[in-house]
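Novice: Keeping their order, the protein sequence lines are chains F and D.
Those letters in the first sequence? Residues 0 to 445, per numbering that gives the first Met the number 0, in order.
Those letters in the second sequence? Residues 0 to 276, per numbering that gives the first Met the number 0, in order.
I should point out that these hints are in silico values taken from the structure, not numbers from a laboratory.
Worth double-checking, as some hints may not be accurate.
[Said to hold, decoys possible] Here are the simulated SDA-like cross-link-like pairs (lysine to any residue), alpha carbons at most 25 Å apart as the crow flies:
#  : chain 1 : residue 1 : chain 2 : residue 2
1  : D       : K219      : F       : I382
2  : D       : K219      : F       : E222
3  : D       : K219      : F       : M50
4  : D       : K219      : F       : T198
5  : D       : K219      : F       : E124
6  : D       : K219      : F       : R140
7  : D       : K165      : F       : M50
8  : D       : K219      : F       : N243
9  : D       : K219      : F       : G173
10 : D       : K219      : F       : L378
11 : D       : K219      : F       : K412
12 : F       : K412      : F       : E124
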Amino acid sequence: MKMKDKKAAMQLRNLSRLLTSFTSMQCGIFLILLLSVLSVSGSFLPHAEAMEAVYRSWWYVSLFILVALNLLACTLRRLQQLRKGYSISGTGKNSSAAGELSAYPYRFEIDKSTARPDSRHHAAELLKQNNYHLQDLKLPRGEALLAAKGRIGIYGSLATHLGLLLIIAAAYYGVLTGSEELAQGFPGERIAVSIGDETLVLEIADFNINYREDGSVHQYYSELIIRSQDPESPLLVHDTIYVNNPLRYGRKTFYQSSYGWAVNAYLHDPFSGRTESAMLVPGQEYYFAPAGITVQLLSFYPDLEQGDQGHLFSRSPEPRHPHTLFRLLDQDNQLLGPPAQLLKIGDSLELPQFELGFDEFHNFTGILIKETGGTICLLSGSIIFLAGLFLCFFVQPRQILMLWPGAAKDEGKLIIYGWSRTDRPAFAVEFYEIVNDLVNGRRELS
Amino acid sequence: MTIVGWETLFFSASFYLYLLAAFLYILDLFNILGGRGGYATVPAYCGLILHSVAIILRSIEAGRAPFSNQFEFANVFAWGIVVAYLVLERSLRFRYRAFGAFIMPLTLLIIGYASLLPRDIRPLMPALQSGWLTVHVGTAILAYSAFTLAFGLAIAYFVRDRAEQKQWAFLLSRIPALPLLDHLSHKAIAFGFFMLSLVIITGAIWAEQAWGRFWGWDPKETWSLATWLIYAAYLHIRFSRNWQGRQAAWLSIIGFACVLFTYIGVNVLLPGLHSYR
Ligand code: HEM
Chain F
0 MKMKDKKAAM
10 QLRNLSRLLT
20 SFTSMQCGIF
30 LILLLSVLSV
40 SGSFLPHAEA
50 MEAVYRSWWY
60 VSLFILVALN
70 LLACTLRRLQ
80 QLRKGYSISG
90 TGKNSSAAGE
100 LSAYPYRFEI
110 DKSTARPDSR
120 HHAAELLKQN
130 NYHLQDLKLP
140 RGEALLAAKG
150 RIGIYGSLAT
160 HLGLLLIIAA
170 AYYGVLTGSE
180 ELAQGFPGER
190 IAVSIGDETL
200 VLEIADFNIN
210 YREDGSVHQY
220 YSELIIRSQD
230 PESPLLVHDT
240 IYVNNPLRYG
250 RKTFYQSSYG
260 WAVNAYLHDP
270 FSGRTESAML
280 VPGQEYYFAP
290 AGITVQLLSF
300 YPDLEQGDQG
310 HLFSRSPEPR
320 HPHTLFRLLD
330 QDNQLLGPPA
340 QLLKIGDSLE
350 LPQFELGFDE
360 FHNFTGILIK
370 ETGGTICLLS
380 GSIIFLAGLF
390 LCFFVQPRQI
400 LMLWPGAAKD
410 EGKLIIYGWS
420 RTDRPAFAVE
430 FYEIVNDLVN
440 GRRELS
Chain D
0 MTIVGWETLF
10 FSASFYLYLL
20 AAFLYILDLF
30 NILGGRGGYA
40 TVPAYCGLIL
50 HSVAIILRSI
60 EAGRAPFSNQ
70 FEFANVFAWG
80 IVVAYLVLER
90 SLRFRYRAFG
100 AFIMPLTLLI
110 IGYASLLPRD
120 IRPLMPALQS
130 GWLTVHVGTA
140 ILAYSAFTLA
150 FGLAIAYFVR
160 DRAEQKQWAF
170 LLSRIPALPL
180 LDHLSHKAIA
190 FGFFMLSLVI
200 ITGAIWAEQA
210 WGRFWGWDPK
220 ETWSLATWLI
230 YAAYLHIRFS
240 RNWQGRQAAW
250 LSIIGFACVL
260 FTYIGVNVLL
270 PGLHSYR
């Protein structure tokens, strides 16, 4: 029994030792640096591969969670210390702490002979002018005046860490609960979009590409109408989106995401007079069952031009000289004819029994529709994080204690103590300026 | 002469003034100017004025802040470094001008890089047409300038460390003492870290508007996260009893290498992996 107890106690001690070293600063720094190195490793892989091999892998996600847990543990462990730090730096409730004079790195003694006669009053005024909060203290060694400033800065690291944890939590929540869909279509088309727990009808009222004189794209505009599935119900939203200006409707957002050309491929049977056709986007293919032929659309050139090295390109976005590049496959997916054939829009290719060609082309617009949760948390986390950083870096908790040993006001010597949590050299300048004032009274008070 | 012509002229003039300043700062570091380090500061200020005029002319010509391509970023980045350095020089009450010997050559390097890049003013592609561009890139300039300063301070830290070991008296009087270097470097990195955090947050907000996602593990995003993590480690090292000064200086150097890679390396060495910028 005793043995068992001992063993259990030892295990407990080991566990607590492990936890302590896990929450140590060294461990935190190590994890942060490891995360940095592993993150960067993915940047050398092609993006899609990196997402699978690194950023979505179990080990990377685990490391991320480990860093977050470490951060949480560190933060909680420091909480007590921070509260103590806050009171050391001068709340009235814990004035005994201010008595720990050895904690003050700066100290200066002023003799009665050199101090101004009204040094007590003068000091108070001076510190008030410097935005210090003043408080009278009775310490065992005598009467004292405690002046503190920027105490809230102590909580900077707490806010920073909590903001960061909120950001990480919200980002994971967003990844886990979010859904998205890409809808591509032409002006006039209606597309049913199922996303989240709702199906909406997205009507593309219009799509325009605004070109500059040099043929480069200035902006893409899609005019959207969103309806509920019920054809009788009134439309819900009608708005125009463009890149950098998405449409937000409830929890869903509609982004102008992509654009491109779509070409109509047709297969005509002169004997029966029947025609079958399909709209294709470069990269898409269509199987014409009557002929047993698959058409793979490779590219579309609105204004075809051949370069010096024989490569094909489009001279302008305008459909002055429209051509398609495609290939044909038979029923066994074997190539029929050359691996890439060029055909002018309007021309046709004679096949045994059939006629194949491309007769129309349109610009289509790609709309990305997303529903993500946790955005408010993400933004609040960012604000808390930034506020925390501001407190850490730009608000400097500091404190000046003036002690008149022997308790008698304005008698004997005056000892001034100074302490600052960070940025000691800058504080030293401030401290000695105040000391200087008290000795010489050079800076006259208004 | 056209506005662009004037801009080019001012840009070149500022380069030569910075070159002169760098040369004089180096002379001052080796105590050849006999303590008259002001000889270096004057061309640095003149260069900065001409450089500022060049940037203003470019903004007028482009009708927007000159923040949108590699040349423009390098140009303003170099400007930011000079401003950061001159602010530091002033805040040290001009006592340690020789420190410019560590910073001005970095400015020249960035300007040299800028001068290799195409300088034509091109209209913005749709994704870049956003008010966030100015905030995002503006904060990036501030962050990178601060990190460059911290890098120079870290180099100075190692030089001073060596000088103390070898008793190189002439250097000891020219470079601030180690605790002050460490302190200044911390301030620069704290400022840079705050700005880099803003860069990443504004970038994420912008990316959501433009591409529909806050974060996409694009190489640029990934490298800026790594940079941010390294500087976070720097800030924590200073709280750790076992590590300090030298380790912090090393992290500052590694962090700056990451800054440069995020800015130049990603564009030059990892092409084709990302679809923009
Ligand atoms: C990347 C994530 C992190 C960021 C951005 C971050 C940020 C910060 C910042 C800005 C400070 C204030 C530093 C200063 O005043 O100079 C700080 C302090 C601190 N951090 Fe972190 N931190 C991170 C992760 C961690 C982790 C993982 C730990 C756990 C070991 C940790 C433990 C601490 C501690 C103990 C302090 C000092 C607290 C104090 O006395 O005020 N941090 N952190």
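Novice: The structure should be examined with respect to each hint, and the outcome stated for every one.
Specialist: Quick rundown of the hints versus the structure:
no.	hint	in the structure
1	D:K219 with F:I382	23 Å, holds
2	D:K219 with F:E222	32 Å, violated
3	D:K219 with F:M50	14 Å, holds
4	D:K219 with F:T198	36 Å, violated
5	D:K219 with F:E124	53 Å, violated
6	D:K219 with F:R140	60 Å, violated
7	D:K165 with F:M50	51 Å, violated
8	D:K219 with F:N243	19 Å, holds
9	D:K219 with F:G173	22 Å, holds
10	D:K219 with F:L378	22 Å, holds
11	D:K219 with F:K412	62 Å, violated
12	F:K412 with F:E124	19 Å, holds
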